[in-house]
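Each chain is listed here by its residues.
Protein chains: 2
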Amino acid sequence: MDTAARIERALKDAVDHATGPGAPPKIAAALRHAVFPGGARVRPRLCLAVAHACGDDRPVLSNAAASAIELLHCASLVHDDMPCFDDAETRRGRASVHAAYGAPLALLAGDALIVLAFETLARGGSETPDRLAHLIQVVSGAVGMPTGITAGQAWESEPAVAIDTYHRAKTGALFIGACKAGAVSAGADPAQWEGLGDALGAAYQAADDLRDALAESEEMGKPAGQDEAHERPNMVAECGMADTKARLEQHVAGAIAAIPPCPGAADLQALIKGEAKRLMPKKLVRHAA
Amino acid sequence: MDTAARIERALKDAVDHATGPGAPPKIAAALRHAVFPGGARVRPRLCLAVAHACGDDRPVLSNAAASAIELLHCASLVHDDMPCFDDAETRRGRASVHAAYGAPLALLAGDALIVLAFETLARGGSETPDRLAHLIQVVSGAVGMPTGITAGQAWESEPAVAIDTYHRAKTGALFIGACKAGAVSAGADPAQWEGLGDALGAAYQAADDLRDALAESEEMGKPAGQDEAHERPNMVAECGMADTKARLEQHVAGAIAAIPPCPGAADLQALIKGEAKRLMPKKLVRHAA
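Those protein sequence lines, which keep their order, are chains A and B. Everything in the first sequence is counted per this note's numbering, starting at 1 for the first residue and increasing by one. Everything in the second sequence is counted per this note's numbering, starting at 1 for the first residue and increasing by one.
Treat the hints with caution; some may be incorrect.
As the list claims (entries may be wrong) - Examples of chain B residues lying across from chain A (beta carbon under 8 Å, computed):
no.	residue
1	ARG41
2	VAL42
3	LEU105
4	LEU132
5	THR150
6	TRP155
It should be emphasised that the hints constitute simulated quantities derived from the structure, not laboratory data. Remember, it's a predicted structure, so these values are computed and weren't measured experimentally. Every residue, glycine too, gets a C-beta built ideally from N, C-alpha and C.
Please put together the full structure from these sequences, using the hints given.
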């Protein structure tokens with residue numbers, strides 16, 4: 001099974017479990033809407049690529065890790081889009097969960113996805129209990145407090161924050177978590193994979209800031225101009241377009257350089273180069289050409 | 001250390017971890033506000049009472065289980081109180097989290113508490129990995145989909161639901177989870193503890209419906225009359241005050257009868273009798289006297 005199919009299969013198993021017998025129908029539909037069809041699935045692909053590079057001797061556990069990372073990402077999108085945050089009506093080119101099912105079910109669906117992520121880890125880890133506690137700590141550190149993506153968004157309610165601190169928590173933490181979770185699920189030391197996740201998260205955030213500033217709603221599948229509208233720190237506003245583009249390219253190069261020597265290094269390089277191409281806003285590519 | 005002190009200590013350790021170095025200050029304050037000072041802490045007390053009855057040979061794990069159950073309960077209260085649900089300005093006799101910190105931080109604080117619950121389980125379970133996967137599945141089943149407390153609230157968005165199904169998910173699931181988590185953390189079979197949790201959850205929900213219908217805001221520390229205001233199923237509306245009071249008494253008797261033979265049976269009986277006294281609305285006690 002190729003990686004994309006493996007991820008969709010693992011996510012389907014997880015969501016099927018949550019929407020099984022006894023589930024209220026509307027929230028069950030909201031959960032499926034939040035997870036399928038997905039976006040680029042970049043975080044779970046990264047997680048499995050790192051697991052593969054580390055030998056992937058426990059694919060049931062690495063599947064669970066990749067699913068959990070993606071479910072947590074989906075949860076954060078559902079809650080981000082709610083009226084009390086971005087109030088975004090669209091996501092991935094169609095109605096956001098609250099636009100389709102209302103704010104109460106969006107709130108509950110996000111909560112249920114967070115719970116499902118950890119339940120999925122436990123179900124996938126029941127045969128490899130020696131790795132489970134560490135894996136959960138890596139994943140929870142990426143999304144929870146004090147420095148996970150929850151903290152990243154909470155910085156938006158503070159009077160001031162350094163943009164690097166903000167971006168590292170808001171976006172970098174889950175990329176780092178994806179890399180480290182892949183390593184831990186394969187029984188490897190996660191520390192040497194932190195640099196890769198950090199660089200990729202920074203690249204991704206620079207690209208997101210560029211697209212938001214360029215107002216590429218259609219390309220993003222969600223409303224653009226959100227940072228300015230919500231007075232959030234944005235690298236383009238702070239450093240300018242050219243500097244942000246240069247930083248994006250530096251972060252991509254940094255990510256490739258951060259891959260430790262391993263059997264799957266070539267696959268990882270290919271993944272990163274493909275992402276770099278996908279991340280660069282079309283307008284900037286056309287402009288350069 | 002007595003049970004109450006043990007619970008507060010374990011919760012403090014968990015919240016200290018989440019609000020440690022790097023945490024944005026406002027959400028850190030919101031997390032503390034959500035957890036301290038607590039209510040009756042009935043679910044973690046129940047969890048530890050069951051663990052005690054089962055030998056409590058791994059108190060680090062049972063502390064983690066009790067904390068996780070309470071953190072998840074606190075998370076549900078924070079999200080319940082938000083404007084898109086009950087829009088309640090008060091909780092436990094003071095400002096609800098969204099009233100004190102705004103809806104965005106309340107949403108994030110609830111999310112962070114859910115994550116923290118599972119992180120706390122993993123941290124407490126690192127020395128007892130053989131019990132961790134099962135424990136997480138018991139806890140996630142109590143709060144997530146398809147039949148945990150998230151599902152319970154999601155039934156409020158459906159056109160119709162049987163009141164027993166609704167109450168068992170909305171309230172019973174976490175009482176059952178507290179009992180089963182106590183058993184699993186002590187290495188015991190959780191199945192024989194389900195009846196106790198189920199009966200106590202039903203008693204608690206009957207009491208809550210009575211107090212809501214009696215409009216005892218002061219006694220509850222939160223706005224009363226919410227079920228009628230939100231057109232939610234309420235046992236008093238369906239069965240009348242006298243029948244609901246009779247059911248509450250039956251559920252308490254059922255809970256005592258459901259305690260399996262064990263060394264801590266007397267402690268558990270005392271806990272349940274104390275709760276029964278606390279749960280019965282003062283107006284009904286005065287009326288009877």
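A quick look at each hint next to the structure:
no. : hint   : result
1   : ARG41  : 21 Å, violated
2   : VAL42  : 21 Å, violated
3   : LEU105 : 5 Å, holds
4   : LEU132 : 6 Å, holds
5   : THR150 : 5 Å, holds
6   : TRP155 : 5 Å, holds
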